[in-house]
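A.B. asks: Chains as they are written, first to last, in my numbering: chain D, 1 to 333; chain Z, 1 to 269.
Hints are all accurate, no fakes.
Over the 12 Å line for every Cβ pair with chain D, so calculated as not near, a few chain Z residues:
hint: 1; residue: 108
hint: 2; residue: 110
hint: 3; residue: 135
hint: 4; residue: 150
Residues on chain D that point at chain Z, a partial pick, calculated with CB under 10 Å:
hint: 5; residue: 49
hint: 6; residue: 164
hint: 7; residue: 194
hint: 8; residue: 220
hint: 9; residue: 222
hint: 10; residue: 223
hint: 11; residue: 224
hint: 12; residue: 279
hint: 13; residue: 284
Read the hints as simulated data drawn from the structure, not as lab findings.
None of these values were measured; they are calculated from a predicted model.
The C-beta atom is built at its ideal place from N, Cα and C for all residues, glycine as well.
This is what each chain is made of:
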Amino acid sequence: MPYDSVVPALLEIRDLVIHYAADQGASVVAVDEVSLDVEEGEVVGLLGESGCGKTTLLLAILGLLSPPARVMRGSIRFRGRDLLALGGLEQRRVRGAEVSIVFQEPSQALNPVRRVGPQVAEVVAAHRRWSGLRCREEASLRLAEVGFTEVDRVYDAYPHELSGGQRQRVVLAQALACRPALVLADEPTASLDSTTQAELRALLGSLQSRFGLALLLVSHDLGALAALARRVLVMYAGRLVEAGRPGQVFHDPLHPYSRGLLRAFPHSVVSGAAPEPGLPVAIPGSPPDLSRLPPGCAFEPRCPDRVPACLERPPQEVRPGEDRRVRCFTYGG
Amino acid sequence: MEAEQALVRVSGLNKRYARRGGRGSPDVQALADVDLEIAPGAILALVGESGSGKSTLARCVARLEEPESGRIWFEGEDVLALRGRRLRPFRERVQLVLQDSAAALDPRLSAVEIVAEPLEILGRGGKRERRARALALLETVGLPSAWGERRPAELSGGQRQRLAIARALAVLPRLLILDEAFAGLDVSIQAQIAGLLEDLRIRHRLTFLYVSHDLALMARLAREVAVLFEGRIVERGPVARLFAQPSHAHTRALIAAVPAWPTAPPRVS
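All chains, full assembly: derive it from the sequences and hints.
C.D. replies: Shown next as structure tokens:
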């Protein structure tokens, strides 16, 4: 596991704590003691539900958090540089050029009244001192790379003239405009039809290997995680509760939350086979209020395996096997 | 008609839309000669990509769209012949739950008012009675009655979907049309709503017509799947048969797109 290797990883996050200030001095704990690495060219999957803090985490990496969100502790290092210590100008140099992001909803990421080609070219222009013509050529290249064959037609199209899958490919071209080393993807396939999801999944995989991209992929698309990720992290109530290789996490989840979450997925266990008959199984209860986290494990109220210790303090991370991390008293904690 | 009367029968349905952007471009044939039968108590899913016509078909069945030609019967009654006041009993028997319940719910009303509104429109009971019934319905769908005064914006996506279901149930429908009712919800919330719907279906003897692009989820929820492609039902059958012997290329494409677990044991690099 690269977690404590001597050579620094491309992205190193250590003990990150992010709060949102709420009314009357209260605070909401969005990210709590998160540590993770993404190696050069590595795909790391992040699985978690609404409100678990995954989007806050991505925005923090990009330096896009603004009040009431505040980094309380911890560090985010990219290529050895502390991103949290950079000034606004230096942050802008990194953002979009070395680290970029793909959001879930392409229709919100694109300006509806402008043609899509210039929207890719302007990303290039923001980071390179190139002529307009050269930025345009570069943008056309990116559009070809994300699978468009009629590049000139697409370049001059408005977002509404493209399908959802095509729009998401334009957003991908934007994210790749300056050949970043790291792409953050926040549910990039969630708004698409299942057949289009499968196409985008394949495209992400081929771009990733072709350009040696590192990818931090937040997704509920198990197919994408299974096909692309080398490691999968599971996040609950602001904490990483489990990490491991996809085969390990999906077939032998350690944390009770991971087990519950995976039972709720409708997908087939074997490709091409019908999903198991019967309804997906729900996790009882609902996620905790992040402004009133319990002193113990945040999953305790919903957990089928709870023990008295769960109420007292949050479990520490343990490593029950090679490449695996879990925060649960079942394994020592 | 046969001994066991179909709840819904659709015959030769055609529907066109003018293509967006116009300029002489040809119309889109949203539905092409569609026949469909739904038995009472069925759980049928219409599955297909965006633009396959699945929502148009569901909206025609709910009589929210007028087809160019074709017939629709509900409990043996010619639905397309109904007009004005005579539509009301039909509207009670067929209810819809849509994808984005946030957009479908009046943001100014409280949860309890939203559920009581259809009863008010139909002139059912007094104000106090309607309120009591609405509170009971909120409990039924798992929303504590203490939340009755909250507005849609103060509820989570899953809670809003529960609210939309409570509202649909207020008028005691026979057919519930659920058009992408799970889209945008977290998987564990999806599973909760699926469990709730199954309880309600049994308790209220409902018939379900699901509309979704998500074959994986539909395979878990529905008994039968009808695959739509370019405005036609190209295949229909029980879930197991559909997966085992898909006869249409588009069904095979949808099956191939169902995500699968990563293979175990893991590769060690």
